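Q: The chain contents come next:
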Amino acid sequence: MEPQMNQQLADLHQMWRIRILEETILQLRLAGDVVGSVHLENGQEAVAVGACRMLRRPDAVFSTYRGHGWALARGVPPEKILAELLYRQTGVNGGRGGSAHFSAPEYGFYGENSIVGAGAPIAVGAALAARFDGSGRVALTVFGDGAMNQGGVTEAMNLAAALDLPVVFVCENNKYSELTPINDMVRNPDLSARAHALGIPAVRLDGNDPAQVAAAVGLAITTAEHGRGPTFIEAFTRRITGHYIGDAQTYRPAGELEADEKDEPLARLRHLPGFDEAERRARAEIAAATERALAAPLTDPSTAREHLYV
Amino acid sequence: MEPQMNQQLADLHQMWRIRILEETILQLRLAGDVVGSVHLENGQEAVAVGACRMLRRPDAVFSTYRGHGWALARGVPPEKILAELLYRQTGVNGGRGGSAHFSAPEYGFYGENSIVGAGAPIAVGAALAARFDGSGRVALTVFGDGAMNQGGVTEAMNLAAALDLPVVFVCENNKYSELTPINDMVRNPDLSARAHALGIPAVRLDGNDPAQVAAAVGLAITTAEHGRGPTFIEAFTRRITGHYIGDAQTYRPAGELEADEKDEPLARLRHLPGFDEAERRARAEIAAATERALAAPLTDPSTAREHLYV
Amino acid sequence: MSETAKLTYGGAINAALARCLDQMPETLLFGEDVALPGGVFGVTRGLRKAYGERVFDTPISETAMLGAAVGAAMMGRRPIVEIMWADFMLVAFDQIVNQAANVRYVSEGRLSAPMTIRTQQGNAPGACAQHSQNLEALLLHVPGIRVAMPVQAQDAYDITLSAVANDDPVVVIENRTLYAGAKAEVQIGGPVAPIGGHRLRRAGDDVTVVTWGAIISSVEAAVDSTGVSADVIEAVWLNPFDTEAVLASVRRTGRLLVVHEANLTGGFGAEVVARVVESGVSLRSAPRRVGALDSRIPAAVQLAQAVLPQTSTVAAALVEITG
Amino acid sequence: MSETAKLTYGGAINAALARCLDQMPETLLFGEDVALPGGVFGVTRGLRKAYGERVFDTPISETAMLGAAVGAAMMGRRPIVEIMWADFMLVAFDQIVNQAANVRYVSEGRLSAPMTIRTQQGNAPGACAQHSQNLEALLLHVPGIRVAMPVQAQDAYDITLSAVANDDPVVVIENRTLYAGAKAEVQIGGPVAPIGGHRLRRAGDDVTVVTWGAIISSVEAAVDSTGVSADVIEAVWLNPFDTEAVLASVRRTGRLLVVHEANLTGGFGAEVVARVVESGVSLRSAPRRVGALDSRIPAAVQLAQAVLPQTSTVAAALVEITG
Ligand SMILES: Cc1ncc(C[n+]2csc(CCOP(=O)(O)OP(=O)(O)O)c2C)c(N)n1
Ligand SMILES: Cc1ncc(C[n+]2csc(CCOP(=O)(O)OP(=O)(O)O)c2C)c(N)n1
Ligand SMILES: [Mg+2]
Ligand SMILES: [Mg+2]
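Chains as they are written, first to last, in our numbering: chain A, 566 to 875; chain B, 566 to 875; chain C, -13 to 309; chain D, -13 to 309.
Source of the hints: derived by calculation from the structure; they are not laboratory data.
What you are looking at is a predicted structure, and each value in this text was computed from that prediction instead of being measured.
Hints may be right or wrong, so weigh each one.
What the hints assert, rightly or not - Here are a few chain B residues that face chain C, going by a calculated C-beta distance under 7 Å: (1) P670; (2) G673; (3) L693; (4) A694; (5) A721; (6) Q814; (7) Y816; (8) L822; (9) A824.
Backbone N, C-alpha and C fix where the C-beta goes; we use that ideal spot for every residue, glycine too.
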């Protein structure tokens, strides 16, 4: 196989891993093993996969509540993610983070955030640290289209631009903020224009194509490495599940979801020879991880008071 | 005289009124009659004067702490402003607002704000009200260059754009935020680009020329009246006094202040035949107002608890 | 014209909002996902359709939303703005504390901000630390803001109306675990009460229990299971707080227990205890507070249970204080 | 190597910051106007020159500043960020409460946020309502954040060091009316103390006065002028709060007065009172609090005086409680 083909298969496999992880989480949630708020990223896997394959060891990812796949793509073992959602001792945070707020710094995953937009300034801080700690770290923060309207995101982008900090701002434009279309909430649907206006190089691309995302993130890393600061990437994608579990998606125009399902990153690759094999491997891996996660003991409630302060 | 000349003289007189009001406040502050934080707008008078002469009765102004001149240009009698700063019963708020946080809604001056950027969303609310109350109100909010980096300002601009609300955003770009040059705090010195990016028509103009400001505000009002929503005006101007009283302006490059003093709106009009006369009239008016304000009784401290709730 | 309807807690709020929109033309209702989608909890369902443009969706811009409410209120509108989770107030707390709270006072009464902020708070199984806080104490330290916390459907209906009709900023803190509970008979259409007051949920002689929020169900269960004779005062309005009612009860019972879901330190329970003991009323035993431990709230249900007050904790406190 | 220097309160903070920058290479110092201008109150003067790029100015973006502190701290830096006025925290309160406070706990200790927020608060003649608040109580209800409030130059020096050296988020609340006061002998260069503890400012037998912040000068004046024999405990650290020291004193004096500049309702004074009475210690008279009235703070000096606690109010309370 050519290298490009290899890469495509590798991406495919990663995307399958995320998809099956998310499907597994959905099943666990419906079965009541996982409780509470869960946000899946089905359909959006290509952004995480394209971006994370370009990241290096010291790089730091800051995602939103929709972050299981980002963690997985960053290298967090699925068992540790599942155990986290199942509140097991073996979870990345022993269940304190849960689906929407876990972190795994040992894998360069500095955590989800359940306050819309709040991860962006924190990523800027991680980039600021890089200026002084010799790590060569680039900080990548991902947020949604709706998050662009949270003032702190603009503040974060401006601060990164003013200080030339190595940040990659990835906006996953999936057209909706919860149940509301982004285009009803902005006048100018080109969200990347806001980054441009702050002096940040910005690109809009097909977020269902991991190669495009990877290319842009690669360029962003180079830009950052050369001391030229932040980059903004608006990646168009669609979630093919509800915003939360139980979201009936009645706000979708007729036919939209069907079209999105045809265009989602895995559907696009159905023709690839390794498609089924990638799925099988991913299923086996996640199934085994699920079994182990379920078998692990729940975190001991007597530890609940620990770690508030040093 | 031609109408244009008349207008110029009227503007000149208004600017003199503001200048002398501010100088008087400075004297009162240095004498200890006024205490605490005072922000003068010497050199920036043309923005307030150009803008306010275009505003109609129902329009609402929301300024910053640097708002004495905006209040005056909006029609608030100088005596009431001075009495406010002197904590007299006859002050617009009986001294509860003081220099940095007073309002006079009966003159369409909905108040200063001492939280950078916080007036912008409030102005959007006043414009929102106009959609339903039949007032035909346009809301004008003025803030500094530095305020552009406060997230709430972007949120406010986007909300106004998304809802097509009648707001005029006036950014007085005086180059400094307190003691720090704006161009060190942004990558792209064109602040109006941010409004553009949100889909808001934006213009950059000479804020030391009341006619340019007036023309832009007039256009903004027409735009708003036609239901086309907000406008952004970046008005370049310079303050020729410190940010606060006592600010020695050591952060200014050599020669800058001198150049600014040559280019400030009153200096520019020194050649006008009515220049001295306008100054005399303004001086007489403000002197009389000061006398009356000083003669008024201090607000009775026993009223301090009133008006917390209805 | 007063009549009754069988409504859930969420339904009662919906009915109250509908009545506000119907009878007060100056009301506006906005927030994230409140209009076309009808709210992420369905509380505002149908209102956009019924009341048109006065009900609208906003961007995810809490600062702009709250600021817009302040500005619209200053101009005579009566905005009702939804902050989806109380935790999200904190991205825009300035607009509540430095802006809304100051409008009337600083303008010497020339301006006012008759706005209502609806939000909901508290822990539910699996919610993360950023969606679990009980933040009423932060608001209760802010002069100029009113705060209510209804739990029963009738109160949710009545308080929503009183809040919207009030001419000052009012924060109504709801609880999402209650929205879709059992239906109850709710008197609708009656006169709008002024703000303030409490509800006596149990009457008794041996201890005064002051509580607010959804945890009242644990308090009631604890009282019932221990058989302690308790006055249970639900402070549905926390500002204004009905200090007199509490003092009158404590004068009789000689004992005070305060229960809230928020963490103890700096919670409003401290204020209740302080007011009671400052009054000089004589107590038969030391007052007590039950609240969450001073901790962040973990997502794991079994850990959250160890942090949040449980019925058993309340019961133990009741027995101890009266024993 | 410990030596002494004559320093103002502001100078002591400057010296402490210089030492931090000098001895802890992972420190960063940033905020609005702190670097090139040296701070609007001059507190950070000279530090940019001495320590270069680790000291820098930021845009007027409190959310980005505080978020950047959180992120840098997670990565092992030790950021010191200045929020020019405590009132301005509120535009970015999320980054303190929902972000910084959660880092260690939610990550099960895998991450931490060793950051220091320096701010200053309180009323000074003529300050407007948005520049006059005392907001410590808001922070003190937030588990995961430490809070200190130094008043004396030595404490300002020591506490700044302890805060920066501590591995959790610490808010140090200064007071601008103190920055340029008289110089005092300050011990510099000594060992860095762990956080916590109180200062006994007066020793006496008839009443325990617990207080914090700049109002301590009114408390001392009131004690001295009335001649009341009072233990005056200054809670320089409010979290951790030295409950034991207060209880030990009250056990002896049998009386408690708490004085703070913040408004009474929901202030931290309530917490102090509640802890004392919950402990069951027997009191000779009802505890009392003195604080600002529950009001916004007017700019007019004569009105502000009517709202804020004065020496005479404290004196009257002392006489009453011991009388
Ligand atoms: C400050 C804040 N406001 C509101 C919410 C509630 N909320 C959670 S997700 C969400 C939509 C976010 O949309 P977008 O940024 O497009 O991300 P997506 O969920 O589509 O990935 C909202 C409004 C929140 N978590 N935080
Ligand atoms: C949220 C907030 N942060 C910081 C301040 C302190 N501050 C007051 S004025 C000012 C500078 C504002 O600069 P700019 O917006 O350019 O307005 P100018 O004063 O130049 O008119 C700052 C930082 C504040 N009042 N509010
Ligand atoms: Mg989205
Ligand atoms: Mg400026």
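Q: Does each hint fit the structure? Answer for all of them.
A: Evaluation of the provided hints:
1. Among the interface hints, the one on B:P670 holds; its C-beta lies about 6 Å from the nearest C-beta in chain C, closer than the 7 Å criterion.
2. For B:G673, the shortest C-beta to C-beta distance to chain C is roughly 11 Å, which exceeds 7 Å, and the interface hint is violated.
3. Against a cut-off of 7 Å between C-beta atoms, the interface hint on B:L693 holds, since the closest Cβ of chain C lies about 5 Å away.
4. At a threshold of 7 Å, the smallest CB-CB gap from B:A694 to chain C is about 4 Å, leaving the interface hint in force.
5. The interface hint given for B:A721 holds, since its Cβ lies 5 Å from the closest Cβ of chain C, which is under the 7 Å cut-off.
6. At its closest, the beta carbon of B:Q814 sits 28 Å from a beta carbon of chain C; the interface hint therefore is violated under the 7 Å criterion.
7. Using the Cβ-Cβ criterion of 7 Å, the hint placing B:Y816 at the interface with chain C is not satisfied: the shortest such distance is roughly 27 Å.
8. Checking B:L822 against chain C: minimum C-beta separation of about 33 Å lies over 7 Å; hint violated.
9. Interface hint at B:A824: violated, since its Cβ lies 37 Å from the closest Cβ of chain C, which is beyond the 7 Å cut-off.
Hints 2, 6, 7, 8, 9 from the list above are not met by this structure, while the remaining hints are.
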